[in-house]
Amino acid sequence: MNSIKPYVMVTGALFVLLVITVGAAYVNLGAFNTPVAMLISLSKASLIVLFFMHVRHSNPLIHIFVLVGFFWLGIMLTLSLSDFLTRHP
Amino acid sequence: MSAESPVAHQFEDAAQQREAATLGMWVFLATEVLFFGAMFLGYTVYRLKYPEVFRMASEHTIIVIGTINTGILLLSSFTMVLAVRAAEFKRRMALIAFLSVTALFGIAFLVLKGFEYAHEINEGLFPGSHFQFTEADPYTARMFFYLYFLMTGVHALHVTIGVIMLVIFALRAMLTLKLERLSTAVDLLGLYWHFVDIVWVFLFPLIYLVDRHS
Chain Z
1 MNSIKPYVMV TGALFVLLVI TVGAAYVNLG AFNTPVAMLI SLSKASLIVL
51 FFMHVRHSNP LIHIFVLVGF FWLGIMLTLS LSDFLTRHP
Chain X
1 MSAESPVAHQ FEDAAQQREA ATLGMWVFLA TEVLFFGAMF LGYTVYRLKY
51 PEVFRMASEH TIIVIGTINT GILLLSSFTM VLAVRAAEFK RRMALIAFLS
101 VTALFGIAFL VLKGFEYAHE INEGLFPGSH FQFTEADPYT ARMFFYLYFL
151 MTGVHALHVT IGVIMLVIFA LRAMLTLKLE RLSTAVDLLG LYWHFVDIVW
201 VFLFPLIYLV DRHS
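Same order as they appear, the protein sequences are chains Z and X. 1 is the number of the first residue of the first sequence in my numbering; add one for each residue after it. 1 is the number of the first residue of the second sequence in my numbering; add one for each residue after it.
Hints listed in this document are in silico derivations from the structure and should not be mistaken for laboratory results. Misleading hints may appear alongside valid ones.
Quick partial rundown of chain Z residues pointing at chain X, CB under 10 Å, derived from the structure [as the list claims (entries may be wrong)]:
(1) Asn-33
(2) Met-38
(3) Ile-48
(4) Met-53
(5) Leu-61
(6) Trp-72
(7) Ser-80
Beta carbons are placed, not taken as given, at the ideal position from N, Cα and C, and that holds for glycine.
Just need the whole structure built from these sequences, with the hints factored in.
Here it is, written out as structure tokens:
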């Protein structure tokens, strides 16, 4: 907690991921370009939530509230897309 | 959290008070996740329906500005976390400095975004009566730019609010005698600022990096 070293390392990792995501966009990965980009974004978001937002050292109640926010988002995306993707015109 | 910090009568101690404040901030952020989530869902549906038009429309956004702006926000999150740390250790000068630098990064982000908006509006890409897009069906392309201006606009509004709060907090850090009163508030502002950064982390690839290889 007293050292800023973890923060420096996380910031470095975020910049490495930024370079990777821009680079990957120029490589033809077929159908996987967008999933790869989203996976990298998810990794960046996780680093920010765990280290910068201190969720790693938070109590379980905070963990539940953080997860619930994203869980509702998951329900919205999954149920809406399960309808949209399985529709036959 | 220091022992001498003021505790409201409904709390056992300062630590519990701080926990309650943090929890409240996360409840607010959960509503923000859903607020932005609905727009991301709209984007996803239209992108799946018109992948080709979205790819062509995305090429009109300025990737250099998008990438630099992502870097600026990541750096601003780093300086924000240092501001939170400075508040915790009651280092007044460091707190004022890091809050100010974070605000400056936010302003730099907004200025660059403004340049990009001006360019796109000049190109006739703002969805309205002057909208023009010749490469593909303009009605579909307009949907991309509608989502683009809506999502980045709402995000920029969040950055603007963050910058205003950072300036107010920097002034409070200069004027207040008891720095410990500010510590929890700076902590919560940090959570908000990092959240706004996370929204951009997802916006960036969806707007600027749509199959750039082809």
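How the hints compare with the structure:
no.	hint	result
1	Asn-33	6 Å, holds
2	Met-38	7 Å, holds
3	Ile-48	5 Å, holds
4	Met-53	5 Å, holds
5	Leu-61	6 Å, holds
6	Trp-72	6 Å, holds
7	Ser-80	6 Å, holds
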